[in-house]
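Undergrad: If you want the building blocks of each chain, they are given just below.
Protein chains: 2
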Amino acid sequence: MALFGGIEAGGTKFVCAVGTGPDDVRAVTRFPTTTPAETIGRVIEFFRSQPEPMTAIGIGAFGPTDPDPASPTYGTITSTPKPGWQNTPLRKLVADALGVPVAFDTDVNAAALGEYTWGAARGIDTFIYLTVGTGIGGGAMVEGRMLHGLVHPEMGHIRVPHDWAVDPFPGFCPYHGDCLEGLAAGPALERRWGTRAETLPPDHPAWPLEAEYLAQALVSYILILSPKRIVIGGGVMHQPALFPLVRTRVKELLAGYVQSPAILEGIDTYIVPPALGDRAGVLGAIALAQGQR
Amino acid sequence: MALFGGIEAGGTKFVCAVGTGPDDVRAVTRFPTTTPAETIGRVIEFFRSQPEPMTAIGIGAFGPTDPDPASPTYGTITSTPKPGWQNTPLRKLVADALGVPVAFDTDVNAAALGEYTWGAARGIDTFIYLTVGTGIGGGAMVEGRMLHGLVHPEMGHIRVPHDWAVDPFPGFCPYHGDCLEGLAAGPALERRWGTRAETLPPDHPAWPLEAEYLAQALVSYILILSPKRIVIGGGVMHQPALFPLVRTRVKELLAGYVQSPAILEGIDTYIVPPALGDRAGVLGAIALAQGQR
Ligand SMILES: Nc1ncnc2c1ncn2[C@@H]1O[C@H](COP(=O)(O)OP(=O)(O)O)[C@@H](O)[C@H]1O
Ligand SMILES: Nc1ncnc2c1ncn2[C@@H]1O[C@H](COP(=O)(O)OP(=O)(O)O)[C@@H](O)[C@H]1O
Ligand SMILES: [Zn+2]
Ligand SMILES: [Zn+2]
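If you read the protein sequences in the order shown, they are chains A and B.
My numbering puts the first residue of the first sequence at 5, with every later residue one more than the last.
My numbering puts the first residue of the second sequence at 5, with every later residue one more than the last.
No wet-lab data here; the hints were simulated from the structure.
Fair warning: there could be bad hints in the mix.
Identical copies look the same in the list; a pair holds intra-copy or inter-copy alike.
Capping the alpha-carbon separation at 20 Å, the derived lysine to aspartate or glutamate pairs in DMTMM-like fashion look like this [claimed, not checked]:
id	residue 1	residue 2
1	Lys232	Glu147
2	Lys232	Asp207
3	Lys17	Asp129
4	Lys232	Asp72
5	Lys255	Asp182
6	Lys255	Glu194
7	Lys232	Glu269
8	Lys17	Asp167
9	Lys86	Asp282
10	Lys17	Asp28
11	Lys17	Glu256
12	Lys86	Asp129
13	Lys255	Glu269
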């Protein structure tokens, strides 16, 4: 039976797995992202050490990347600020070393595909997968196809209303200051409140403010992309108070406008956590390998 | 040879045409949108009076609508504020009266399809068509398919940064006040400056402000949907000063972030007017009839 490899290539850590799906993961490894040579070396070593050969490998990678299969630089990490990683032909290096077909997409598109194949977006042809962690990023499937477009979405960097009187924190995005990521990713919470996000209690004022920013962004996504469901993963969403606050605020902001029962009556199944949890990324990479799309 | 009918069903006027494409339009009529009975009566009369029968008809309609072919209310104008038109089964009424297949989509999706088939988006599988007129609305094709999703996009109603010190006009959107449409559609210009938009000269301060709002919205569209081109039609875009101002501002706002040559070097072919001009809507309806999708 065909066996697949998945690589979740993150800016802070890599996760590699071998298997055929969530109930059949035969091996997993994770290690920090250091230099390209060292990191990719460990990836190759892991897959070479497996008892059985892989039919194909999938990579979901941090970016910006070139995820266009028709491009000469398909599968390259392009203009990332991460030192040493600019213009790293990640896909090519893995494919050449292991001699198998390697599919490539953004980390969030891979996670979206994982949730579509086995998780919270099964059977839903138009949806968004968002991660709120060290950064904020989103992937989307539209009418059954992964959205790539010109480059790939960068929906974590949209502007959201920022009331400086309420929140004087200037945002930490090196490109935009107070874009969504700048105001609402994990490091924004840490700098604004002086403590890591996981230490903030559920009744801390950090959470209604966080929910406001996320809800404002979700409303823009809903008005522009009309998703049938929104799956939100990432470390910051582990705060249990957050989902209910975000759902309530999205409904308020949309009320009377997008009159869909999915939102007005079904918000609890409209904005949901990933069913695959923190494995969405690496399992999505396996799904990518299986689909070879 | 197969002959097609197209209906651009707008909130202020209807345009009906018979033909096979932009170079073969055999008959056209336009009339104001009054009651559903009277207006749909004129549509039926027009097609019945044609010398040759139609193979199929397409409708691009104002909304909100139900454009889902699998829904029991496919082709219905749903919760529109336009008096008398709530829950009008437009597609069904036309199909029953004329006895031909009738395809239905939003007005902006139809216009987008027209531009894709014969106009400024030929061969481009992921793009946005935006109209800036009495209202602001957008349609999109993603990876070769018209985007519908949960309902349909309402991208004219996203929020954009509104500096009240610079622009004290509160916006006129009945739902949101100062959303994009509330600040930048034709009626916003008329109320803010006290004169119809077409009378404002090219060097009037109205235009840099208008360009700022449109550019902020386009940047959100680009970050979320990653379109390969943006086509902008509608009455307000007839002001010749506007396209250059919008292009420059989009480039400034994105600079250093979305590093695509299409934007950095090719902005003049990235943000463009419709090649079909004001006929995009009705020709798009004919394309819809031809595709039956
Ligand atoms: N239980 C928690 N509650 C709130 N924030 C958390 C929690 N756990 C982790 N975080 C925050 O999530 C961020 C890391 O997100 P994560 O998705 O795990 O990593 P990455 O985005 O680097 O892949 C950090 O900023 C951390 O403070
Ligand atoms: N040459 C022009 N310059 C600027 N604005 C214009 C011009 N012509 C029409 N408009 C404005 O465009 C709006 C009508 O847009 P249009 O696309 O023609 O109609 P609709 O959106 O109702 O289909 C009006 O608000 C009008 O003031
Ligand atoms: Zn940013
Ligand atoms: Zn509005």
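Undergrad: Within a copy, between copies, both or neither: which one fits Lys232 and Glu269 at a CA-CA cutoff of 20 Å?
TA: Result: close within a single copy only, 13 Å intra versus 35 Å inter.
Undergrad: Can you give me the call for Lys17 and Asp28, within, between, both or neither, at a CA distance of at most 20 Å?
TA: Cα proximity of Lys17 and Asp28: none, with 22 Å in one copy and 59 Å across.
Undergrad: Given a CA cutoff of 20 Å, do Lys86 and Asp129 count as a within-copy pair, a between-copy pair, both, or neither?
TA: Result: close neither inside a copy nor across copies, 33 Å intra and 32 Å inter.
Undergrad: What label fits Lys86 with Asp282 when the C-alpha limit is 20 Å: within, between, both, or neither?
TA: neither (23 Å within a copy, 47 Å between copies)
Undergrad: My question is about Lys232 and Asp207: at a cut-off of 20 Å on alpha-carbon distance, are they close within one copy, between copies, both, or neither?
TA: Answer is neither: 30 Å inside a copy and 44 Å across each miss the 20 Å cutoff.
Undergrad: With identical chains, the pair Lys255 and Glu269 could be close in the same copy or across copies; at 20 Å between alpha carbons, which is it: within, between, both, or neither?
TA: within (9 Å within a copy, 40 Å between copies)
Undergrad: Cα distance capped at 20 Å. Does Lys232 pair with Asp72 within a copy, between copies, both, or neither?
TA: between (25 Å within a copy, 13 Å between copies)
Undergrad: Is it within, between, both or neither when you check Lys255 against Glu194 at 20 Å Cα-Cα?
TA: Classified as neither: same-chain Cα gap 28 Å, cross-chain 32 Å, threshold 20 Å.
Undergrad: Is it within a copy, between copies, both, or neither that the alpha carbon of Lys255 lies no farther than 20 Å from that of Asp182?
TA: Intra 24 Å, inter 19 Å, cutoff 20 Å: inter-copy only.
Undergrad: Go through the copies and call it for Lys17 and Glu256: within, between, both or neither, with a Cα cutoff of 20 Å.
TA: Neither way: Lys17 and Glu256 sit 37 Å apart in one copy and 33 Å across, limit 20 Å.
Undergrad: Taking 20 Å as the upper bound on the Cα-Cα distance, should Lys17 and Asp129 be classified as within, between, both, or neither?
TA: Classified as neither; 30 Å inside a copy, 34 Å across copies.
Undergrad: State whether the alpha carbon distance between Lys17 and Asp167 is at most 20 Å within one copy, between copies, both, or neither.
TA: Intra 34 Å, inter 41 Å, cutoff 20 Å: neither.
The structure does not agree with the numbered hints 2, 3, 6, 8, 9, 10, 11, 12 stated previously, though it agrees with the rest.
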